Each structure stands twice: as structure tokens, then as C-alpha cells.
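Novice: Chains as they are written, first to last, in my numbering: chain A, 2 to 151; chain B, 171 to 606.
Treat the hints as calculated values from the structure; they're not laboratory data.
Worth double-checking, as some hints may not be accurate.
Stated by the list, open to error - Simulated restraints on C-beta separations: (1) A:LEU27 x B:ASP383: 54 to 60 Å; (2) B:GLN502 x A:ARG74: 45 to 51 Å; (3) A:ALA79 x B:ARG200: 49 to 55 Å; (4) A:THR71 x B:GLU260: 35 to 41 Å; (5) A:GLU139 x B:ILE420: 31 to 37 Å.
Stated by the list, open to error - Okay, derived cross-link-like pairs now, SDA-like style, lysine to any residue, Cα gap no bigger than 25 Å in a straight line: (6) B:LYS304 x A:ALA108; (7) B:LYS304 x A:LEU75; (8) B:LYS304 x A:ALA111; (9) B:LYS304 x B:TRP578; (10) B:LYS304 x A:ARG78; (11) B:LYS304 x A:PRO44; (12) B:LYS304 x A:ALA85; (13) B:LYS304 x A:ALA5; (14) B:LYS304 x A:ALA132.
Keep in mind the model is a prediction, meaning the values are calculated, not measured.
All C-beta atoms, glycine included, are put in the ideal place defined by N, C-alpha and C.
In case you want the letters, here they are:
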Amino acid sequence: MSHALVIAAGNADRGDDGAGPAVAELLRSPEVAAELLVPRVLPPDLHASWTSASRVVIVDAVRSGARPGTVHRLDARAAPLPAALQSLSTHGVGLARAVELARVLDALPAELTVFGIEAEACELGQPLSPAVARAVHEVADAVRRQLERA
Amino acid sequence: MSEPEPEVKTIHVEALARVEGEGALRVRLRGDKVEDVQLEIYEPPRFFEALLAGRSWLEAPDITARICGICPVAYQMSAVHALEQVAGVEVDGQLGALRRLLYCGEWIESHALHVFMLHAPDFFGCADAIELAKTQRVWVEKGLRIRRAGNAILALLGGRAIHPINVRVGGFYRTPTRAELEPLVPQLTGARDEALESLEWLSGLDFPEVEGDWELVALVHPDEYPMIRGRLGSTHGLDLHVDDFEEHLIEAHVEHSTALHATLAGRGPYLTGPLARFALNHERLGPLAADAARRAGLRGPTRNPFRSILVRMVEVVQALDDALGVIAGYVQPPRPHLDPAPRAGIGRAATEAPRGTLLHRYELDAAGTILTARIMPPTSQNQPSIEADLVRVVEAFAGELDDAALTWRCEQAVRNHDPCISCATHFLKLELERLP
Numbered sequence: 002m003s004h005a006l007v008i009a010a011g012n013a014d015r016g017d018d019g020a021g022p023a024v025a026e027l028l029r030s031p032e033v034a035a036e037l038l039v040p041r042v043l044p045p046d047l048h049a050s051w052t053s054a055s056r057v058v059i060v061d062a063v064r065s066g067a068r069p070g071t072v073h074r075l076d077a078r079a080a081p082l083p084a085a086l087q088s089l090s091t092h093g094v095g096l097a098r099a100v101e102l103a104r105v106l107d108a109l110p111a112e113l114t115v116f117g118i119e120a121e122a123c124e125l126g127q128p129l130s131p132a133v134a135r136a137v138h139e140v141a142d143a144v145r146r147q148l149e150r151a
Numbered sequence: 171m172s173e174p175e176p177e178v179k180t181i182h183v184e185a186l187a188r189v190e191g192e193g194a195l196r197v198r199l200r201g202d203k204v205e206d207v208q209l210e211i212y213e214p215p216r217f218f219e220a221l222l223a224g225r226s227w228l229e230a231p232d233i234t235a236r237i238c239g240i241c242p243v244a245y246q247m248s249a250v251h252a253l254e255q256v257a258g259v260e261v262d263g264q265l266g267a268l269r270r271l272l273y274c275g276e277w278i279e280s281h282a283l284h285v286f287m288l289h290a291p292d293f294f295g296c297a298d299a300i301e302l303a304k305t306q307r308v309w310v311e312k313g314l315r316i317r318r319a320g321n322a323i324l325a326l327l328g329g330r331a332i333h334p335i336n337v338r339v340g341g342f343y344r345t346p347t348r349a350e351l352e353p354l355v356p357q358l359t360g361a362r363d364e365a366l367e368s369l370e371w372l373s374g375l376d377f378p379e380v381e382g383d384w385e386l387v388a389l390v391h392p393d394e395y396p397m398i399r400g401r402l403g404s405t406h407g408l409d410l411h412v413d414d415f416e417e418h419l420i421e422a423h424v425e426h427s428t429a430l431h432a433t434l435a436g437r438g439p440y441l442t443g444p445l446a447r448f449a450l451n452h453e454r455l456g457p458l459a460a461d462a463a464r465r466a467g468l469r470g471p472t473r474n475p476f477r478s479i480l481v482r483m484v485e486v487v488q489a490l491d492d493a494l495g496v497i498a499g500y501v502q503p504p505r506p507h508l509d510p511a512p513r514a515g516i517g518r519a520a521t522e523a524p525r526g527t528l529l530h531r532y533e534l535d536a537a538g539t540i541l542t543a544r545i546m547p548p549t550s551q552n553q554p555s556i557e558a559d560l561v562r563v564v565e566a567f568a569g570e571l572d573d574a575a576l577t578w579r580c581e582q583a584v585r586n587h588d589p590c591i592s593c594a595t596h597f598l599k600l601e602l603e604r605l606p
């Protein structure tokens, strides 16, 4: 059985950091056959959340220097995540670190796809910037396709 | 002929790694002598004290929980105890025990994060926990499991693991049934065993020989290792009722930091946190933690800040043991909270956050509206002592370490105290200039 899990991280009250939760909203539908987790920050033991899932998708806002709204799609099983792919929070361990710690601990799931959405601004109380709002739809569609694949 | 001026060297770390929040470090050396040290806290101020003014006292635990994602319970506990003091009620019995259980969860989670993910890499020359896990995998895994046990308490009792929402003035919004607490027992028991093993592992580390001469300040309570109650005591004879803290603990603004700097009136910098708690209260550890401390080589107070990693682990053992004790004796109280009526007045409370003493003061009107709030987090209290530590560390090692190693050692000296920079930057200082 291949149980699927989508982890869409971020703070919905903080501008483009809300990209993850916004994608999660678009995926809340009976047709999407996956468990949905929406943590505000990624914990250091992120891998503990997928112990019963073999297919995992992570969606997070990132800041790597690319154009805002850029979607980074990475197969985390194939290669380490670039260190430049940092989450926006200064509190959590960050996307690349959480995934790389799982790799060192041999705790990666059979399939791990990461969608990083390049953020523009993360001011408190602000909505998604237009470029990121467009990217959110693009990523939600891509996640659906990913989950539909046999 | 005059001697040539010694060369001036600056160590500057622009963004400190493995600390909570954003800060930098600047040390100026002339020869081997330190001319100036600044722990620069540039995370923007967050105005929580101003945010509380005008809000209902019942909102304070949820607003202050937002100050920190690592130690929200400390903020909730200092807040509710200060507010209950205004109302003249004391939350004790099973409700008090549940509060201690919740606080234990936070100590376990926060300390395990710091010990295994932030601090331990320093002792193995690793850049981070990922690198550490390559050679010390079994210990990193144990650390993550211990942390998870703490989180499990927070999730169950607080409603969720980060920024819990179940604490209210007078008690809790909802108390757990016995059956709900029971499943925690195997997890906490396993974590306690792993914490004891981890302490033994940590006691074999190589600790640089440095001692701080700080005045150590912590809560002191005759019956327990302090968490929620007690008087403010110190290694230099301070013995204060918490009500008097504002006359003795003085905060001032310094240019290089968005956090306030605290000193003891007429005495200077001081240090709060695990080293201080242990120095003043090690005799009141439970038998298991006391024995573990002895076996780890902590036969009495230690002034070596690098050894704080051992003290944190002893406190993890204590908190796990304490948590299991609370669960063993738990009977669900008939009501989840008392119903204190608001009244006008001022209340103060101090509790022991994982990284040190956290003091709150609230002034309420008769309807329970907060008129003023004051919050002194441990990191702003510790900042001057951390800077003093840096001077000591640089002067002790400038001769023997090259620049890269010395910079690394300086970063370690900061991490020894587990500063929470986001906590320290919540104040608001408003200056109004009226022009004619």
C-alpha cells in the first residue's frame, strides 16, 4: 500500500510564507488521496511525520535568490537539496536541513518530492504577492498530478 | 624608540548559527587584549508589551505564548501567575501539578533541541546536527526521541506542540482524563532511560577550561527544583521576593542591540539559566537526577559555561522524572479552572524558562483590562554576561587558536547560554519629541 502524505508548511499570516498553507487549501478535496499536514515551521525530526507514508510531497516557501514565484521542483531521493533552498523561518530548522538530516538518518521515504516556491515578501498580515499566488495554483496542480501517478 | 602598537584584529560573525533568532557578534582585539565585545541583536523589536496594553487579562496567556515558539509555556506560566496574583487566587492541587507537567514538556523539548541539535555539534567540530548525525547517529536519534516526548506532553496538555492554546487564567480550558495521560507513560519512561544514557555520553566530552565569575541568579524554593515558584536567589546572597524584582533588576538600552541589557542594581551583570538553577538548587533534584548528575561529574555547582550541556541534560532527566510523577498521582480535577474575578492592581511573577528566569508584571484595572505590562526575558538578562564570557574566552584562547578556531570558539561561547534572540526583542521604547 502506498500511503501518500503532503506536508505544506508555512505561516498563512505572513505574506508569501503562506504559500504552503495556500497550496494545502487547494488540495483539500475528497479527490486528493493524501494525508495533509500544515505545520507552521518544519520540525527537526520531520521524518517522524512520514513513518507510515511511502510517497511524500513537501511544499514550502523558500528564498534562494531566484525570481519571486519561481517553482523549484526537486526529487529529494535523487540528490541532496541545495543548501540555498532555505525556509523563511529563523526558528525551524529549514527545509533543506530537515530533509538532509532525514537522509543521514536513512529515514527518507520511498518517494520524496519537494516543491519550493520562491517568496517575494513575508510581512505580517500581508496577502500572497501576485507572482506567488500564481505559483500556488501551479504547484497545487503539479501535486495533484504527482499523486495521481500510479 | 617606542614599542610598535599591537595589531588590532576584529572578529565579526555576521549571522550566528544555531541560536534562536537573528544576531551577530563583534569582538575587537588589540594584541591578545580584548578592547570591545558586542553581541549584536538585530532581530527587529516586537513590541509585545505595548501590544498587551488595552487587552483583557484573559488574553495574556495566548498573546505572550506568541513571543517564542520554543518556550511559549514559560510565557504563559509567568503571565497567568502574575495575573492570578492580582486576583488573589492560587492555582494549586491537581491544576498546579498539570501546569508543572506542561512546563516539564517544554523543558524536555527545548533542552533536547539545544543539547543535541544546537550545542553538541560544537564538541565534535561539526557545522550542524546533520554532520553530527554522520558519526553520532544513535545519539542524534535519541535526542530527537527525547524531544518528541516533550512535544507529546505539550500537544496533549497544551492542545498543540507549538504555541499551546489550553492555558487560561485560573487553570486550563480543558483538563485531560487519566486515560488520556496514560499513553504518555511508556514514551516518557523510554525518554528518561535515553536521557540517562545521553548524559553519560555527554560527560565524556572534552570541555575547554574556562570559568565565569558571574553572579548566578535563579528561583529558589525550599521544596523543589524550581520551575514555577520561589524567591529570587543568587550565589552572592541575593534573596528577594519576586514582587521586588523591579527595584533590583535594572534594564537599559544599548546601541548595538534591539534587546535590553539587564544588570543587578549596584552589582552589575548576572546570569540566569541552567547553571544558575543548578548552582542554587542541585540539592533539591530528585534522587534519579541527583545521582545522574554525580555520575556525570557534576558534584556541585559548575562555572564552566561549556558544561552547561551537562546541566541541561540533568534537567531533562529531572523534568522527565517529574512528569512521570505528576501522571502517576493524577486525578482529574472536578473543574478545569477556577473563576477568579478581575480586580485593579499589580501582579508580578517569575518562572524558570529553559534558558533562565522569566519575569512578568501586569497592571490591571477593575474590569481586568491590562494597563501596562512588563516582560523581562532571560536572554536580555544574560546578554551582558554572555559578552563578559566572550572577553574571557577570547583572552584565554587568543594566544593558542588561529582566527578561524577563535571565531568558532566565540560562537560556542554564545551558544553555551542558549540565547533566544526572538524572545529578547519584544520591548518597545517610544520617545516623543515635541517641537515648538
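Novice: Against this structure, judge whether each hint is valid.
Specialist: Going through the hints against the structure:
1. A:LEU27 x B:ASP383: 54 to 60 Å: Holds, since LEU27 (chain A) and ASP383 (chain B) (Cβ atoms, about 59 Å apart) stay within the stated range.
2. B:GLN502 x A:ARG74: 45 to 51 Å: Given a distance of about 49 Å, which is inside 45 to 51 Å, the answer is holds.
3. A:ALA79 x B:ARG200: 49 to 55 Å: With a Cβ separation near 52 Å, ALA79 (chain A) and ARG200 (chain B) satisfy 49 to 55 Å, so the hint holds.
4. A:THR71 x B:GLU260: 35 to 41 Å: At roughly 56 Å between Cβ atoms, GLU260 (chain B) and THR71 (chain A) fall outside 35 to 41 Å, so the hint is violated.
5. A:GLU139 x B:ILE420: 31 to 37 Å: 55 Å, violated
6. B:LYS304 x A:ALA108: 13 Å, holds
7. B:LYS304 x A:LEU75: Roughly 23 Å separates the two Cα atoms, so the pair holds.
8. B:LYS304 x A:ALA111: 21 Å, holds
9. B:LYS304 x B:TRP578: Holds: LYS304 (chain B) and TRP578 (chain B) sit about 20 Å apart, inside 25 Å.
10. B:LYS304 x A:ARG78: 18 Å, holds
11. B:LYS304 x A:PRO44: Roughly 19 Å between the alpha carbons, so the hint for LYS304 (chain B) and PRO44 (chain A) holds.
12. B:LYS304 x A:ALA85: 21 Å, holds
13. B:LYS304 x A:ALA5: Given pair LYS304 (chain B), ALA5 (chain A) is violated - Cα atoms ~28 Å apart, limit 25 Å.
14. B:LYS304 x A:ALA132: Roughly 39 Å between the alpha carbons, so the hint for LYS304 (chain B) and ALA132 (chain A) is violated.
In the structure shown, a violation is registered for the earlier hints numbered 4, 5, 13 and 14, in ascending order.
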